[in-house]
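Protein chains: 2
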Amino acid sequence: MRHAVVLAGGSGTRLWPASRRALPKQLLPLGPGDEPLIVAAVRRARAIAGERVVIVTADSQVEATRAVVPDVELIAEPMARNTAAAIGLAAATIAAVDPDAMLIVLPADQHVADEAELTRLLEAAIAAAGDDAIGTVGITPTRAETGYGYLEVADRLPGAMPVVRFVEKPDRATAEEYLASGRFLWNAGIFVVSARGLLAELDARLPATGAAVRAIAAGGDAAALYAPLPSISIDHGVMEHAARVVTVAAPASLGWDDVGSWAALPAIRGADANGNTLGGEVIVIDGRGNLVLSDDDTLIATVGLSDLVVVKSGNALIVIRKDQAQDVRKIVDALSARGLARYL
Amino acid sequence: MRHAVVLAGGSGTRLWPASRRALPKQLLPLGPGDEPLIVAAVRRARAIAGERVVIVTADSQVEATRAVVPDVELIAEPMARNTAAAIGLAAATIAAVDPDAMLIVLPADQHVADEAELTRLLEAAIAAAGDDAIGTVGITPTRAETGYGYLEVADRLPGAMPVVRFVEKPDRATAEEYLASGRFLWNAGIFVVSARGLLAELDARLPATGAAVRAIAAGGDAAALYAPLPSISIDHGVMEHAARVVTVAAPASLGWDDVGSWAALPAIRGADANGNTLGGEVIVIDGRGNLVLSDDDTLIATVGLSDLVVVKSGNALIVIRKDQAQDVRKIVDALSARGLARYL
Numbered sequence: 625m626r627h628a629v630v631l632a633g634g635s636g637t638r639l640w641p642a643s644r645r646a647l648p649k650q651l652l653p654l655g656p657g658d659e660p661l662i663v664a665a666v667r668r669a670r671a672i673a674g675e676r677v678v679i680v681t682a683d684s685q686v687e688a689t690r691a692v693v694p695d696v697e698l699i700a701e702p703m704a705r706n707t708a709a710a711i712g713l714a715a716a717t718i719a720a721v722d723p724d725a726m727l728i729v730l731p732a733d734q735h736v737a738d739e740a741e742l743t744r745l746l747e748a749a750i751a752a753a754g755d756d757a758i759g760t761v762g763i764t765p766t767r768a769e770t771g772y773g774y775l776e777v778a779d780r781l782p783g784a785m786p787v788v789r790f791v792e793k794p795d796r797a798t799a800e801e802y803l804a805s806g807r808f809l810w811n812a813g814i815f816v817v818s819a820r821g822l823l824a825e826l827d828a829r830l831p832a833t834g835a836a837v838r839a840i841a842a843g844g845d846a847a848a849l850y851a852p853l854p855s856i857s858i859d860h861g862v863m864e865h866a867a868r869v870v871t872v873a874a875p876a877s878l879g880w881d882d883v884g885s886w887a888a889l890p891a892i893r894g895a896d897a898n899g900n901t902l903g904g905e906v907i908v909i910d911g912r913g914n915l916v917l918s919d920d921d922t923l924i925a926t927v928g929l930s931d932l933v934v935v936k937s938g939n940a941l942i943v944i945r946k947d948q949a950q951d952v953r954k955i956v957d958a959l960s961a962r963g964l965a966r967y968l
Numbered sequence: 625m626r627h628a629v630v631l632a633g634g635s636g637t638r639l640w641p642a643s644r645r646a647l648p649k650q651l652l653p654l655g656p657g658d659e660p661l662i663v664a665a666v667r668r669a670r671a672i673a674g675e676r677v678v679i680v681t682a683d684s685q686v687e688a689t690r691a692v693v694p695d696v697e698l699i700a701e702p703m704a705r706n707t708a709a710a711i712g713l714a715a716a717t718i719a720a721v722d723p724d725a726m727l728i729v730l731p732a733d734q735h736v737a738d739e740a741e742l743t744r745l746l747e748a749a750i751a752a753a754g755d756d757a758i759g760t761v762g763i764t765p766t767r768a769e770t771g772y773g774y775l776e777v778a779d780r781l782p783g784a785m786p787v788v789r790f791v792e793k794p795d796r797a798t799a800e801e802y803l804a805s806g807r808f809l810w811n812a813g814i815f816v817v818s819a820r821g822l823l824a825e826l827d828a829r830l831p832a833t834g835a836a837v838r839a840i841a842a843g844g845d846a847a848a849l850y851a852p853l854p855s856i857s858i859d860h861g862v863m864e865h866a867a868r869v870v871t872v873a874a875p876a877s878l879g880w881d882d883v884g885s886w887a888a889l890p891a892i893r894g895a896d897a898n899g900n901t902l903g904g905e906v907i908v909i910d911g912r913g914n915l916v917l918s919d920d921d922t923l924i925a926t927v928g929l930s931d932l933v934v935v936k937s938g939n940a941l942i943v944i945r946k947d948q949a950q951d952v953r954k955i956v957d958a959l960s961a962r963g964l965a966r967y968l
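Listed in order, the protein sequences are those of chains A and B.
In this text, residue positions in the first sequence follow the numbering used here: the first is 625, and each later residue adds one.
In this text, residue positions in the second sequence follow the numbering used here: the first is 625, and each later residue adds one.
For reference, chain A alone in the conformation it holds in the complex (with noise of 0.2 Å):
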């Protein structure tokens, strides 16, 4: 049967300060209508794999993602291992009851504005792969970014296409490239495999992994079993290395986001007339492509400044121009730097 699994493993530096430790991006009330992205995660696996839908993410923060989420099933890691060891643990956790699963992987932290369209292209992908490949989704890709992982194809065809090459973030003249040649996808992490191919991948490339997650599955120790695991990433641990991959391409109105940074909500939530998105109790005066957030009564107000990005949320606050917006790790860096932990 088909299991989503949504990851939901995230840091959440990015979107300081209303992401903290203790409170990742995909728990905030980021997209329209405030909802929180994990929301729309669950909501987009729902429609995929009906009521079979297990979160995975950090034990730490099993509380805080439980209070958004209450009625899904939640995998607790005892700690981040990166997504081989958290999609292993789901595979081995689902496969100990249901062995014949089909996994349906989804990031808890994006945007889809599509979502009928991203089950299409699902069941899309579990047709292709079958029992035996790997189908992700791949997202035809709007402009040279240079921030995403990319899945090479021999050709641009409608339906499944097999992935040559997986390739790490490239540098702005081959994201030109990539963009240019019509044969480069963004590798969005959504893909479906089944629990057995994917166990039995991890055994064959991370052994450790594999015996470690069963082991766990089987009601083993998990914090010692999971600690001495490499950190390494599914795409970097599996995916590069897998026999066969398959993908299909998502064409740009799926409208997908990785709500990357704060450069990103315009997306998602819409502007105002002045190009303003605005939100909670804020005056911006004679300015244009602004994203001014406040979380609580504290009025901002802005005059004659544009394209920045100021956003208030519990004890601090930002601001920034939103062509910078990936500079907000500078601060995260500056305040652990500083032991100022009550801001992180």
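Keep in mind that the hints were calculated from the coordinates and are not lab data.
Glycine included, every Cβ here is placed at the ideal spot set by N, Cα and C.
Among the hints, erroneous ones may be present.
[Unchecked claim] Straight-line Cα separation of at most 30 Å, DSS-like style, residue types lysine-lysine; simulated pairs:
(1) B:954 <-> B:793
(2) A:954 <-> A:793
(3) A:946 <-> A:793
(4) B:954 <-> A:946
(5) B:793 <-> B:946
(6) A:954 <-> B:793
(7) B:946 <-> A:946
[What the hints assert, rightly or not] Residues from chain A shown here face chain B by an in silico Cβ test under 8 Å; the list is partial:
(8) 877
(9) 902
(10) 906
(11) 913
(12) 924
(13) 928
(14) 931
(15) 940
(16) 941
(17) 942
(18) 943
(19) 944
(20) 954
(21) 955
(22) 963
(23) 967
Put chain B on the given structure of chain A with help from the hints.
Only chain B this time, still in chain A's reference frame:
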């Protein structure tokens, strides 16, 4: 004897959100070491007049003022009627007990870097004014400021000079001419005059005001007597028509500033090695020339931004370019228009 009159009548919208209806700028901790401007003004007043210092302020601000300067005598105006009435009320009140009083009038909401120099200038103004003239301290202009009134002198001389003319806020071109001529000084509203002389001027130019302030000083109903008075400044109502006004020119080293907007704060409070003026829990990364102030435990973090004003105070926060800091008024106006009185 000498009596200092500290004028504390400001409504304080230009330093919003720190200044509020109930908390005008002279009461705010804006000076070096977070000293309120009025505390510094009282110190300057005592340096020239000893303990004979009165503060004239609005009835509605008496409590807040007393909290900041608990040991200074207050004269409460029942409502605001501009500086001619405020100074007249002080003059009549003081003259009732000391008919030969010499008044030293000092605005409460200015900054003076070299306080000893101001004392010297006031001594010179007192000597030059005598019993029958008004002696002002004019500020040697350092830029073609269009936001101030000016005093014109016939010739720039050492010591006291007769004032030929008071002029209103000029346009840019006129201000440039004033600066180039060397014969114009900024009118800082700092002057000395005998109580008798001031009351005689009021009787001559604003007889209703002269009569009302005497009647109030004699125990009359302040609200009833004050309400019908014209709202007119001492410059318009008295100085421009006075028979004899002299001025002493303050050198630029006096470090006078009227703290007219947030843009003035760096000059007053100083800046760090990166040219940033910071207060409270603040982190500025890759930025210069910013003023960033937080009044509580709320962290404000900026990355990659320069010449910006970010100020949080109470339940509101402003983000504005330093060179547009005057536009704070637009926010205050917008808040008024929307009925958001809790932020005013």
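- Task: Mind listing which of the numbered hints don't hold for this structure, in increasing order?
- Result: 6, 8, 9, 10, 11, 14 and 22
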